[in-house]
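Peer 1: Chain by chain, the residues run as shown.
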Amino acid sequence: MSTAFNNRLLVVWALLSAMTLAYLWLDHSADDDGTLRPSTVVTVSVIVIALVKVRIIFREFMEVRHAPALLCRLTDAWVMLIAVCLLGSYFIGQTISN
Amino acid sequence: MTTPAGADAPPHDVEEVTKQAQVTRFMPGQPDMWAFVLFETLVITSYFVVYLLFRTQHHELYLQAQADLDLRVGIFNTIALLLSSWAVARCVQASRAGAYRSALTNAVLTIFFGFVFFVSKVLEWVREIRMGNGFTTNEFFQHYFFLTSIHCLHLLIGFVVMGVVVYQLWSPKRRSQELVETGATYWHTVDFLWVLIFALLYVVR
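Here the protein sequences line up with chains A and B, keeping their order.
The numbering of the first sequence is our numbering, which starts it at 1 and goes up by one.
The numbering of the second sequence is our numbering, which starts it at 1001 and goes up by one.
Keep in mind that a hint or two might mislead.
Said to hold, decoys possible - Quick partial rundown of chain B residues pointing at chain A, CB under 8 Å, derived from the structure:
{"id": "1", "residue": "Gln1030"}
{"id": "2", "residue": "Thr1078"}
{"id": "3", "residue": "Trp1086"}
{"id": "4", "residue": "Val1203"}
For the record, the hints were derived by calculation from the structure and aren't laboratory data.
Ideal Cβ positions, reconstructed from N, Cα and C, are used throughout, including at glycine.
Isolated chain A, as found in the complex (with noise of 0.2 Å):
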């Protein structure tokens, strides 16, 4: 029987493998010997990648790409929502707190 599995599969999840461990690479660059260091930059990169990958997922693994425009369009506008709620929330908290 053959199984010869679509291997666009396996390339998403290297993807979002690789992605997972650029977030070592982010948080080194944040710390000062091992002290964690308050970084917008950092903040919102690591929401941005989280959000990109909420995504792949949705569009790769749940099969999105191929579901009705309907659900396409109900999927980003949910991850634009996400994203506004998440990166909103972070400024307004900062600027609250200043």
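Guided by the hints, dock chain B onto chain A, whose structure is given.
Peer 2: Relative to the frame of chain A, chain B by itself:
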């Protein structure tokens, strides 16, 4: 694609059937599950908003507490869940092609990687509690324990869902492609919610 999988459907080349399925647009799994997924994502996102607003008010406290989390454990957890997501995506494609033995193997692999995540999570909780970081220790760990345990609850429900998928795939009489896709949609949700929780608890500065 929600065509009923016949009991005697001959196995096809998975790649070929996947390509055929991609020509016509189809709803992956039941629409009800998608409504649940989008609703659940909204609920968790509203909690993320609360977390980020509080975090920005006490930056130093959160950073100090966050230093007790091991990023490598978080990365290991994330890759284990991504492996399980990959396995369940393969399970969907195999089942669609009528390759049920392969679909079953991948469904079991999904549960296995989910279990690896679960054990690793429990060990991390034990480690944190031993270090003196409990639910009431500080604000950061309150959010940490709340978010990780809510996620873990979803994972435990995911084991039941995948158990149903395995049960249905087992007998030719019970096989339903729609059910496999619905189960997979739920499992992927557990995965992408963790991707967000991991980013916000372990790496955000």
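Peer 1: Each hint: holds or not?
Peer 2: A quick look at each hint next to the structure:
no.: 1; hint: Gln1030; result: 12 Å, violated
no.: 2; hint: Thr1078; result: 5 Å, holds
no.: 3; hint: Trp1086; result: 4 Å, holds
no.: 4; hint: Val1203; result: 5 Å, holds
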